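> Okay, here's what each chain looks like letter by letter:
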Amino acid sequence: MNSIGRAGIALAAFAAPCVAMAAWTKAYVVEWNEPAIYYGAKAGVIDPGTDCPQGTNPEIDWVKVLMEAGYTREEAEWLRNPANPTRSPVHGQNQMAFRGKARANVYVNPTSTPDPGLVGVSGTLAEGLDLDGNAKTGFTSPDGEKGIDNNFYKTVGCWKTYRGPRRLSSGALQFNDSMRNGAWTTLIVVAGQGDDPMNDKDVNVGFYLSDDKMVKDGNGNIAPDYTFSIKPHARYEAIFPARIKNGVITSTKAVSGVLREPAYWRDLELERAQIKLTMKADGSLSGYVGGYRPWEHVYKGWVNARGPVIEALTWVQLPGVYYALRRNADYSPSGAKGEKTHISYALRVDALPAFVMSPDASQQVAAVASYKSLAPAETGRVSGLFPQVVDGIFIDPKAKQQAGPNAVITPPENIAKAKE
Amino acid sequence: MSTKTYSVGVLLTATVLAFASHAATPAQRPEQAAAMKVGLRRITETQYRHTIADVFGPGIKVEARFEPERREDGLLALGSAMLSLTSSGFEQYFALGRSISEEVLSESRREAAVTCRPSDPAGADDDCARHFVTHYGELLLRRPLTAAEIQSRLEISARGAKQAGDFYAGLELALTSLLIAPDFLFRVESAEPDPAHPEQYRLDAFSKATRLSFLLWDSTPDLQLLAAARSGALHSQQELDKQVDRMIASPKFQDGARAFFADMFQLDGFGNLVKDPAIYPKFDQSVAESAREQMLLRSMDLLVRQQGDYRDLFTSRQSYLNRSLAAVYQVPYASKSPWMAYEFPNDSERSGILTDIGFLSLHAHPGTSSPTRRGIKVLEIFMCQATPQPPANVDFSAVQDSTKGTVRGRLLDHMENEGCSGCHRRTDPLGLALEHFDGLGQLRTMENGTPIDVSAELKDVRIEGARGVAEYLRNEPKVPACLVRNVYSYGVGSKTYGRDKAYLTAQTQAFIASGYRFPTLVRQIASSAEFFKIVAPKSKSNAPIAAATVTQLQSTAE
Numbered sequence: 001m002n003s004i005g006r007a008g009i010a011l012a013a014f015a016a017p018c019v020a021m022a023a024w025t026k027a028y029v030v031e032w033n034e035p036a037i038y039y040g041a042k043a044g045v046i047d048p049g050t051d052c053p054q055g056t057n058p059e060i061d062w063v064k065v066l067m068e069a070g071y072t073r074e075e076a077e078w079l080r081n082p083a084n085p086t087r088s089p090v091h092g093q094n095q096m097a098f099r100g101k102a103r104a105n106v107y108v109n110p111t112s113t114p115d116p117g118l119v120g121v122s123g124t125l126a127e128g129l130d131l132d133g134n135a136k137t138g139f140t141s142p143d144g145e146k147g148i149d150n151n152f153y154k155t156v157g158c159w160k161t162y163r164g165p166r167r168l169s170s171g172a173l174q175f176n177d178s179m180r181n182g183a184w185t186t187l188i189v190v191a192g193q194g195d196d197p198m199n200d201k202d203v204n205v206g207f208y209l210s211d212d213k214m215v216k217d218g219n220g221n222i223a224p225d226y227t228f229s230i231k232p233h234a235r236y237e238a239i240f241p242a243r244i245k246n247g248v249i250t251s252t253k254a255v256s257g258v259l260r261e262p263a264y265w266r267d268l269e270l271e272r273a274q275i276k277l278t279m280k281a282d283g284s285l286s287g288y289v290g291g292y293r294p295w296e297h298v299y300k301g302w303v304n305a306r307g308p309v310i311e312a313l314t315w316v317q318l319p320g321v322y323y324a325l326r327r328n329a330d331y332s333p334s335g336a337k338g339e340k341t342h343i344s345y346a347l348r349v350d351a352l353p354a355f356v357m358s359p360d361a362s363q364q365v366a367a368v369a370s371y372k373s374l375a376p377a378e379t380g381r382v383s384g385l386f387p388q389v390v391d392g393i394f395i396d397p398k399a400k401q402q403a404g405p406n407a408v409i410t411p412p413e414n415i416a417k418a419k420e
Numbered sequence: 421m422s423t424k425t426y427s428v429g430v431l432l433t434a435t436v437l438a439f440a441s442h443a444a445t446p447a448q449r450p451e452q453a454a455a456m457k458v459g460l461r462r463i464t465e466t467q468y469r470h471t472i473a474d475v476f477g478p479g480i481k482v483e484a485r486f487e488p489e490r491r492e493d494g495l496l497a498l499g500s501a502m503l504s505l506t507s508s509g510f511e512q513y514f515a516l517g518r519s520i521s522e523e524v525l526s527e528s529r530r531e532a533a534v535t536c537r538p539s540d541p542a543g544a545d546d547d548c549a550r551h552f553v554t555h556y557g558e559l560l561l562r563r564p565l566t567a568a569e570i571q572s573r574l575e576i577s578a579r580g581a582k583q584a585g586d587f588y589a590g591l592e593l594a595l596t597s598l599l600i601a602p603d604f605l606f607r608v609e610s611a612e613p614d615p616a617h618p619e620q621y622r623l624d625a626f627s628k629a630t631r632l633s634f635l636l637w638d639s640t641p642d643l644q645l646l647a648a649a650r651s652g653a654l655h656s657q658q659e660l661d662k663q664v665d666r667m668i669a670s671p672k673f674q675d676g677a678r679a680f681f682a683d684m685f686q687l688d689g690f691g692n693l694v695k696d697p698a699i700y701p702k703f704d705q706s707v708a709e710s711a712r713e714q715m716l717l718r719s720m721d722l723l724v725r726q727q728g729d730y731r732d733l734f735t736s737r738q739s740y741l742n743r744s745l746a747a748v749y750q751v752p753y754a755s756k757s758p759w760m761a762y763e764f765p766n767d768s769e770r771s772g773i774l775t776d777i778g779f780l781s782l783h784a785h786p787g788t789s790s791p792t793r794r795g796i797k798v799l800e801i802f803m804c805q806a807t808p809q810p811p812a813n814v815d816f817s818a819v820q821d822s823t824k825g826t827v828r829g830r831l832l833d834h835m836e837n838e839g840c841s842g843c844h845r846r847t848d849p850l851g852l853a854l855e856h857f858d859g860l861g862q863l864r865t866m867e868n869g870t871p872i873d874v875s876a877e878l879k880d881v882r883i884e885g886a887r888g889v890a891e892y893l894r895n896e897p898k899v900p901a902c903l904v905r906n907v908y909s910y911g912v913g914s915k916t917y918g919r920d921k922a923y924l925t926a927q928t929q930a931f932i933a934s935g936y937r938f939p940t941l942v943r944q945i946a947s948s949a950e951f952f953k954i955v956a957p958k959s960k961s962n963a964p965i966a967a968a969t970v971t972q973l974q975s976t977a978e
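Here the protein sequences come in this chain order: A and B.
Note that the working numbering gives residue 98 to position 98 of the first sequence, counting from 1, and the numbers run on in steps of one.
Note that the working numbering gives residue 675 to position 255 of the second sequence, counting from 1, and the numbers run on in steps of one.
Isolated chain A (complex conformation):
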C-alpha cells in the first residue's frame, strides 16, 4: 500500500467511527445547561418558598464561626476586618481555612470541624428523573411524576448560588455565560432506525464535545443552525439507548457517561445515567440528563474555586456542604451495601438545532457512535481551575503574610511587639 493510500485510510478512520448509518438523525447544540433545581418561591433568590420555607441559607456570622473554631473575639474581628492584611479581595481570607480541630484546614479536612449544617430542600417537588425505578422514593415532579431522584437538589437547593428561577440562578448564569462565550461546546446527536423521528423505538442519543464555538445572534442569544464538528474526547462522551414517543426521548437502558458540567468541577461523571428530552415544535430540544454522580467532586469543585471566597460570597460553610452531600448520598456503585459515594442528580438541558459533522468536518454525522477511539490519550488531570489554589486557599508567593495554622493573625501592634 502506498503512502497516499495509507493516508486516505487514516483520514477516513478519523472522519467517523465505523457504524451503521441511522435512518434519520437530528443534531443539536446545548445552549444552556444547569443543575435541575426546582424553584418554589414566587420571586427573589433568598425568599421563602415551597422548596425552602425559611428561604436560602442565611448570611453567616463569620466572627462567631471563627470564635467557635477557637479564635478570640479580637482575633476573629481582626481577621474579618477588610483593612487587615490577610483579607484580600482577590483571594478572600485564607486564614478562614484553619478553623478545624487544632487549626486544621477545614477544606481538606472537613470532618476536623463539627457539621455546621446546611439548610436543604424540604419541599416535595423536584425536577429530574426516576433513576432507581422506584416511584416510592424521591420527589414528585412539577407535572406529577413520582419517584424523581435528585438528592443533589435536596442538598443544595437552598444554597443561594443554585437557587433561582429557571436560567436565572447565579451559578447557572456564571457557568452558562462562560460556555456561551466559548469555554466549551456540547453537542447532542439523536439517531433513529424507524421512519418517524417523533415515534421511534430504536434510538441512540450521543453527547459529544466540539471545539467549534457557539455564535450569538443579534439579540445575544445563541444562534441555531450553526455547524459543529465532533471533537473526539477520551472522557467527555455519553451515549444513551432510548426510544421516542410523541417527541419525548426516554432512556431504555441506564448507562455510564461523562458530560462537561457547568461548574467548577468540570466532570459530570454519571452512573446509571438516563435522559428525558423533548423535541419541541420549534426544532429545539429540552429536558434532563440524570444519574448518580460522585458527591465528593462537587465539594472539591467548590473548595478548589477558592474556599474562603465561596463561603463568604455564597453564605455557606463548605464543611457543611461536605456533611450534607455525604448525608444525602444515595448510591453505591459497588452495590446496595457499599459506601454511598454517589448522589442522584439531574442536569437540565436546552439545545438548539445545529449541524453536527464528523471530526474532520467532511460529512454530517449519520449515526450515533463512540468517538473515544479517535481521541488522543488524556495527558493528566487538573483537579482545580485555579493553579494557585492549593487546599482551597489562594497561594500568592509574593504575599507578605501567608496563611497557615501558625500564621500571624494578631493586630499590628502585637506583630510589632512580636518582632522585638
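Don't read these hints as lab results, they were simulated from the structure.
Take the hints with a grain of salt, since some may be wrong.
Each computed DSS-like pair below joins lysine-lysine, with the alpha-carbon atoms no more than 30 Å apart [stated by the list, open to error]: (1) Lys582(B) - Lys481(B); (2) Lys245(A) - Lys136(A); (3) Lys898(B) - Lys879(B); (4) Lys213(A) - Lys280(A); (5) Lys201(A) - Lys136(A); (6) Lys756(B) - Lys372(A); (7) Lys201(A) - Lys280(A); (8) Lys824(B) - Lys280(A); (9) Lys481(B) - Lys898(B); (10) Lys101(A) - Lys280(A); (11) Lys231(A) - Lys756(B); (12) Lys879(B) - Lys216(A); (13) Lys231(A) - Lys146(A); (14) Lys213(A) - Lys146(A); (15) Lys756(B) - Lys213(A).
In this text, all values refer to a predicted model and were calculated from it rather than measured experimentally.
For chain A, the structure is supplied; the task is to place chain B on it using the hints.
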C-alpha cells in the same frame, strides 16, 4: 515630541509650497508644454490600500477612516470624478501618511525600503534621499516627479534629518509629504497634443498607464508599466496589447476585478446595512461582511478564475460559504477552512447571485423584504435601467404594514395610485418573483400564514420564482450591454453618451462573441483607442494650461 511637532509644521508648509510650485510651473520638459489636465478622480479606499501594499509591501498597516464616496449613474467610479477633499478628510490622510511613513522607515523595515545607505545616519544625505524620493515618488504619483517636486522633498528631508539628528526621520517627512500630495490622493489625467493628429489631444503615457492600472489592478502602475510610459512605447498598440495581456495574467487582476464588481454591485451598501434583530436575529455585522464577500468570491471564481460565461452569474448553483453564512442558508458547513466552495442542490431555489443573501438583504427593508427595491436594483445594477424617485406625496402606510397578508397584496393596493403604478409595473414583478426570500434572504414559503405567490409578468414574459428571474436575465440583451457600459465608464471615469453608442455596441457584440468572458471584455476595452479617448476643446483656450478644467472641456464638447 516638540521636535516632531515642529517637523510637522515644516512638512505641511513645504508640502503646500511644493504643490504650489508644481502647479505654477507645470511644464518642466518641452514636450509637456502643451499638456493640460483633463481628469481628476479621488482615489478610492481600495485603490489607496492596494497602492500602499504594492509599493511598500502587504505588511504595512493602513488604519484609517476614508472619506465617503459618492455614487453617480450607478458607479462610485463616476462619483470619484466629482469628489473633493474635506479638511477633516485631509487630516485623516495626513495622519495615515505619517503612520505609513513611520512604519515603512521603521528600524525593522528601512533596510528593505531604502536601497542606498546614508553617508551619515545622523544627518542629511541628499543623494540617498534623492534616490528614495525619486523612486517612491514615481510609484506614488504615477509619473516622474518634476525637479521642483524632488527638490522640495529633499529640503524637507534634510531639514528633518538635521533637526532630529536622524537621516530616516527626515525621509519620513519626505515620504509623508508624498502621501499627502494632491497628485497622489487624486488621479490627475493629463492630455498632450497627439503627434499623429496635431489638432487633437491624447492622454499622455503616464495617464494611460494609470487608467490601465486602476482598471486592471485597482492600484498604481508598476515599474514595468511606468517604464513603458516613460519610453513612450505605451502609445503603440503592440506595447499596449502586451501590457494589457501581462496585467490580466497577473494575480493582481483579481484585485481589479473585485474592485470593479464591488462598485457595480453596489456592495458599499453593506457598510450601512441594518436589520431588526427581533425579526432577523441571525443578522450581524459578521454576516453582512460575509455576505458581501460571498458575492465577490462567487463572481471572481466564475468570471476570473474559471473565465466563465457572465450569464452564469445569474443561474449558477456554485457559490462559497463560511460558517456564518451556512447558518443563515441553513446548510451544513463541511470544512475546517474559513471559506468553502458549495453547490446548492438541484432542487434548491437558490441559483445565481440574485439569490445570495447579500443581494437579497442589501435590497430589502430592515424588517421586511422589498420587491420594489429588489426590482429596482436588478434593473439598475444588471440592466443599467434607472428608476425615478417616488413622488413626494405617496402614502406608504398600506405597503409598510407587514402584519397582514403578503407583500404582493399590499403592493397591488399601492399600485392603485396612478402616480406609482408606472414604475411599479416595471420594477415589482422581478422583486415579487424573489419573494420566497425574506428581508435577510432566508428561504420562506409563507408570509403571515399566507402562501407566497412568486409568479410575475414582465411585459410579455411570465416568470416564476428566483429561477425565472435568473433565466430572464440570462436571456436579456440589456444585461451584457450593461456590463460593457459599466466596465468602460468605470475605467474612463466618465458617463457614456450617445457618441459612444457605436463603440459600446461593437464591444458588446465582441463580448457576446467571446462567450460572455469578462477578462476578454476587459482586454478588449483596455486595448481600444476609445478607452484613452479624451474630450478635447473645440478651440484652444487662451487660458493658462493649468487653469483648464474638466468642466470647460466637457461643456465645449457637448
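> Can you name, in rising order, the numbers of the hints this structure does not satisfy?
Violated hints (numbers, rising): 9, 10, 12, 13, 14; every other hint is consistent with the structure.
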